[in-house]
Each structure stands twice: as structure tokens, then as C-alpha cells.
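Make the full structure from the sequences, and use the hints.
There are 2 protein chains.
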Amino acid sequence: MLTIMRTRKVALAFGRVLREARLQKGISQDGLASLCDFDRTYPSLLERGLRRPTLAMIFRLAEALEINPSLLVTRTYDELRRL
Amino acid sequence: MLTIMRTRKVALAFGRVLREARLQKGISQDGLASLCDFDRTYPSLLERGLRRPTLAMIFRLAEALEINPSLLVTRTYDELRRL
Chain A
1 MLTIMRTRKV ALAFGRVLRE ARLQKGISQD GLASLCDFDR TYPSLLERGL
51 RRPTLAMIFR LAEALEINPS LLVTRTYDEL RRL
Chain B
84 MLTIMRTRKV ALAFGRVLRE ARLQKGISQD GLASLCDFDR TYPSLLERGL
134 RRPTLAMIFR LAEALEINPS LLVTRTYDEL RRL
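Chains A and B, in that order, give the protein sequences. Numbering (the numbering used here) for the first sequence: 1 to 83. Numbering (the numbering used here) for the second sequence: 84 to 166.
Hints listed in this document are in silico derivations from the structure and should not be mistaken for laboratory results. It cannot be assumed that every hint is accurate.
[Stated by the list, open to error] Listed next, the in silico DSBU-like pairs over lysine-lysine satisfying Cα-Cα at most 30 Å (straight line):
| # | chain 1 | residue 1 | chain 2 | residue 2 |
| --- | --- | --- | --- | --- |
| 1 | A | Lys-25 | A | Lys-9 |
| 2 | B | Lys-92 | A | Lys-9 |
| 3 | B | Lys-92 | B | Lys-108 |
| 4 | A | Lys-25 | B | Lys-108 |
| 5 | B | Lys-108 | A | Lys-9 |
Here's what the structure looks like:
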């Protein structure tokens with residue numbers, strides 16, 4: 001079980017979930033960065049699994065995407081099983 | 084709304100939630116560190132809000148505490164409103 005908990009895989013799984021949620025909302029990576037007050041490059045790095053999402057960031061992203069933060073977490077957990 | 088999303092507050096809120104979940108499970112900070120394969124000092128730092136929890140860590144903690152990771156997130160979100 002611990003194998004699917006590895007940091008890199010979690011970042012990759014979260015990246016996919018974030019990308020899907022952003023596209024569903026119909027906003028660009030730049031738009032998301034702006035809404036979250038992130039550096040412009042940050043959403044792209046997150047979506048490619050190149051940054052480890054912290055809980056504070058997940059709250060900000062969820063707020064910007066108008067979805068429940070726990071939903072992003074549940075989806076990431078599910079996505080991990082597919083990696 | 085963004086004010087409650089600030090990193091420091093999120094870490095503090097998560098720390099309280101983690102502590103409560105750990106005590107409810109009846110395990111020590113050392114025991115939790117061992118279950119998660121964390122450094123022995125790490126649970127204490129997290130519980131005091133001195134480390135920012137990443138999603139990968141939340142998954143490992145939830146696994147060790149045998150609770151749903153999204154529940155830790157929901158509780159943290161609620162706790163933020165009390166800070």
C-alpha cells in the first residue's frame with residue numbers, strides 16, 4: 001500500500017486531477033495562476049507533477065476552481081491506483 | 084476568503100486535526116512517525132503547525148491512522164474557520 005503513497009506518484013496523480021478540473025472549469029493555466037495569486041508558471045509545474053502540492057495550495061486551487069478541496073483529494077487518491 | 088487559506092494558518096489547523104486524530108487512535112507521536120516512516124520529530128512539528136503538510140504526507144498519515152485522507156482535509160477546512 002505504501003508504494004502508491006510515494007511523493008512523486010502523488011504529485012503526478014494530483015497534476016492529472018488538477019488539469020482535468022481546470023479544463024472542466026474552462027480556464028487557462030495563466031488564469032488559474034492569477035486567481036490563486038501563484039507565479040504564472042506554477043499551475044503548469046503542478047499539472048506535470050513537478051511540484052509537490054501542499055494542503056494550503058490545494059485549498060487555494062479548490063477555491064479558484066469552485067470545487068470542494070476534499071474532492072480533489074479523493075480524486076487524487078483514486079488516480080493513484082491507475083498510475 | 085483567501086485570508087483563511089494562508090499557509091501558516093493551514094499548517095496550524097492541520098496540526099490540530101492531526102493531533103486529535105492521533106490521540107483518538109491512541110498512538111504516540113513516535114508511534115506515528117514509525118508507522119509513516121517519518122523522522123521521529125516530524126509528527127510533533129506537524130502538530131505544532133511548524134511544517135507544511137504535503138498531499139503525499141497526508142496520504143501516509145491517513146493510512147497510518149486508518150482514516151480517509153479526505154476526512155483530514157475536510158476537518159482542516161472546518162478548523163480553519165476557528166482560527
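So, going through the hints one by one against the coordinates:
{"no.": "1", "hint": "A:Lys-25 to A:Lys-9", "result": "holds (24 Å)"}
{"no.": "2", "hint": "B:Lys-92 to A:Lys-9", "result": "holds (27 Å)"}
{"no.": "3", "hint": "B:Lys-92 to B:Lys-108", "result": "holds (24 Å)"}
{"no.": "4", "hint": "A:Lys-25 to B:Lys-108", "result": "violated (39 Å)"}
{"no.": "5", "hint": "B:Lys-108 to A:Lys-9", "result": "holds (27 Å)"}
Violated hints amount to a single one, hint 4; each of the other numbered hints is respected by the structure.
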